[in-house]
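Undergrad: Read off the chains here:
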Amino acid sequence: MAKNLLAFLAVVIFLFSFREARKVLFPKPSYFPKPEYNFKNNPLDSNAIKLGRYLFFDPVLSKDSTISCASCHSPFNAFAHTDHSLSHGINDTIGRRNAPTLFNLAWQNLFMWDGAINHLDFQALAPLSSPAEMGESLNHVLQKINKQTFYEKAFKAAFDSNEISGERFLKALSQFQLTLISANSKYDRVRLEKEQFTEQEKRGYLLFSQNCVSCHIEPLFSSYEFESNFLPLNAFLNDNGRVEVTLNEKDSMKFKVPSLRNLSFSFPYMHDGRFTKLNEVLNHYTDSTVQAQFLKSINKSPIYLSGDEKVDLIAFLLTLNDKEFVFNPKHRFPKELLTKTKE
Amino acid sequence: MRLVLLFAFLNSLHLTAQRILFSAEIEDSTIEILDESNVVSKLMFYVSDLQLETKDGDVLKMAPYYLIDFSNSSSLLLEAINPNKKEVKAIQFKLGIDSITNVSGAFGGALDPTKGMYWSWQSGYINFKMEGKTVNENYILHLGGYASPFSAVQKVVLPVGDSIKDILVILPLQEILKEILSKHTMVMSPSLEAVSISEKIASSFYTR
Numbered sequence: 211m212a213k214n215l216l217a218f219l220a221v222v223i224f225l226f227s228f229r230e231a232r233k234v235l236f237p238k239p240s241y242f243p244k245p246e247y248n249f250k251n252n253p254l255d256s257n258a259i260k261l262g263r264y265l266f267f268d269p270v271l272s273k274d275s276t277i278s279c280a281s282c283h284s285p286f287n288a289f290a291h292t293d294h295s296l297s298h299g300i301n302d303t304i305g306r307r308n309a310p311t312l313f314n315l316a317w318q319n320l321f322m323w324d325g326a327i328n329h330l331d332f333q334a335l336a337p338l339s340s341p342a343e344m345g346e347s348l349n350h351v352l353q354k355i356n357k358q359t360f361y362e363k364a365f366k367a368a369f370d371s372n373e374i375s376g377e378r379f380l381k382a383l384s385q386f387q388l389t390l391i392s393a394n395s396k397y398d399r400v401r402l403e404k405e406q407f408t409e410q411e412k413r414g415y416l417l418f419s420q421n422c423v424s425c426h427i428e429p430l431f432s433s434y435e436f437e438s439n440f441l442p443l444n445a446f447l448n449d450n451g452r453v454e455v456t457l458n459e460k461d462s463m464k465f466k467v468p469s470l471r472n473l474s475f476s477f478p479y480m481h482d483g484r485f486t487k488l489n490e491v492l493n494h495y496t497d498s499t500v501q502a503q504f505l506k507s508i509n510k511s512p513i514y515l516s517g518d519e520k521v522d523l524i525a526f527l528l529t530l531n532d533k534e535f536v537f538n539p540k541h542r543f544p545k546e547l548l549t550k551t552k553e
Numbered sequence: 003m004r005l006v007l008l009f010a011f012l013n014s015l016h017l018t019a020q021r022i023l024f025s026a027e028i029e030d031s032t033i034e035i036l037d038e039s040n041v042v043s044k045l046m047f048y049v050s051d052l053q054l055e056t057k058d059g060d061v062l063k064m065a066p067y068y069l070i071d072f073s074n075s076s077s078l079l080l081e082a083i084n085p086n087k088k089e090v091k092a093i094q095f096k097l098g099i100d101s102i103t104n105v106s107g108a109f110g111g112a113l114d115p116t117k118g119m120y121w122s123w124q125s126g127y128i129n130f131k132m133e134g135k136t137v138n139e140n141y142i143l144h145l146g147g148y149a150s151p152f153s154a155v156q157k158v159v160l161p162v163g164d165s166i167k168d169i170l171v172i173l174p175l176q177e178i179l180k181e182i183l184s185k186h187t188m189v190m191s192p193s194l195e196a197v198s199i200s201e202k203i204a205s206s207f208y209t210r
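Which chain is which? The protein sequence lines are A and B, in order. With the first sequence counted from 1, adding 210 to any position gets you our numbering. With the second sequence counted from 1, adding 2 to any position gets you our numbering.
What the hints contain is simulated information worked out from the structure, not anything from laboratory work. Yeah, the Cβ is synthetic: ideal placement off N, Cα and C, and Gly gets one too. Don't take every hint at face value.
Stated by the list, open to error - So the derived list for chain A, only partly shown, Cβ under 10 Å to chain B, looks like this:
(1) PHE321
(2) ASP324
(3) SER375
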């Protein structure tokens with residue numbers, strides 16, 4: 211009897227510790243929705259997260275070992291790329307789109323500005339094999355890292371076996387990226403009643419709620435749907451957005467709604483990075499030609515803002531900056547990678 | 003002319019464990035084949051949800067995914083899971099990977115993206131891959147697509163005549179090659195074209 215009870219307790223403690231481990235590795239804020247990512251297929255593990263972080267910062271992922279994921283997704287820019295309006299790949303090639311921020315990825319189903327990627331696990335395959343980004347192939351990257359005892363150990367620690375497969379490589383990258391949770395901005399602290407908005411921020415929040423929230427839904431500040439941003443087509447880039455994936459005309463010039471968190475760190479803005487200042491974005495959305503286009507679309511109304519209102523709105527948007535996230539040492543280049551080169 | 007590509011050995015005397023053997027044929031050609039080895043240089047496809055229907059109405063499920071690769075003859079031969087040696091009257095499978103699997107993240111084994119059957123620039127498995135050269139043209143078929151209206155996965159149901167012997171599933175390539183020559187030489191993304199070619203391929207399988 212006592213033995214049975216002990217076994218039962220052991221099982222309970224085991225299950226409980228599993229849940230607790232997930233809470234520590236993935237601290238979901240209480241007011242965030244249920245994540246979209248299915249953790250059952252890829253349970254978080256501190257060693258797999260570590261491995262994912264190594265891979266994220268390792269230029270071995272590119273053909274000439276010059277570009278890592280972090281080259282265009284720098285932690286100090288909320289994992290976007292500030293210096294470039296368009297992504298910058300091997301041999302100084304320039305891509306077609308502005309590298310997006312990476313955070314709160316567990317709440318997203320479709321990735322890239324056009325939603326071409328349907329799961330976080332597969333996201334890395336696209337930049338890895340794009341000739342204008344890393345110019346590599348998954349198989350060749352695996353061949354390269356298979357020869358490195360550094361990765362042999364890291365894979366063994368993460369997956370309890372020496373096998374380096376495409377699945378494990380991609381899942382480790384997902385693990386690291388899933389831990390990139392941005393939820394400690396002033397907005398979040400106000401939400402948790404730890405802080406209060408200033409009068410100006412309050413006015414800005416009201417304007418936000420009247421004009422922006424239908425696409426930039428709280429608390430993630432995006433619906434992660436595809437919407438028209440009413441920017442004219444850049445003939446040189448010829449990027450038609452979502453329609454390139456769905457081949458459905460109604461998706462023409464629609465792009466994934468970006469989150470408004472961490473805007474101060476992640477300029478330039480829009481899918482082609484054409485605006486460097488928030489003011490330019492607001493001026494675009496309140497331009498009379500754009501207002502006319504809003505009027506024509508279903509469920510969207512035009513945005514009218516005075517100069518003062520724009521200032522107030524920006525004051526609110528700046529409360530979405532999450533310094534703790536951007537300067538989190540756990541998100542930076544892992545020093546262990548330096549020991550690898552000495553092998 | 004009857005050409006069985008990369009023929010894998012069929013042991014018809016082997017009666018104890020029923021096996022399924024995939025094979026591809028080019029029959030009586032109207033296509034002028036310049037170099038037989040190049041007509042089809044690559045042929046790979048996914049077979050998923052493979053099931054055997056027995057005469058007494060049982061359904062025997064096999065592994066959920068197989069990657070049939072004609073450059074690897076051992077991948078053409080599947081051991082049937084039929085412990086009670088029941089008589090089989092039909093075989094059914096999906097040609098390709100279903101939508102749910104397509105949107106459920108990375109998998110290993112036959113589905114590992116290192117197998118060359120996963121697109122990188124846009125998510126999705128390549129259900130069927132065939133490459134080669136006809137009279138004077140290279141052709142590439144990478145058929146896939148999981149989202150409506152471009153869902154390319156196809157269900158195949160085939161009767162099994164002799165229920166004791168190994169089941170030989172044959173894909174006659176003649177029709178496909180004709181189709182390719184007449185209309186499509188390069189199909190490498192989800193489209194209605196990919197769906198209609200997939201339907202054509204799925205309907206041309208037969209058993210012997």
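Undergrad: Each hint: holds or not?
TA: Going through the hints against the structure:
1. PHE321: 9 Å, holds
2. ASP324: 9 Å, holds
3. SER375: With a minimum Cβ separation of about 5 Å from chain B (threshold 10 Å), the hint on A:SER375 holds.
Checked against the numbered hints above, the structure violates none of them.
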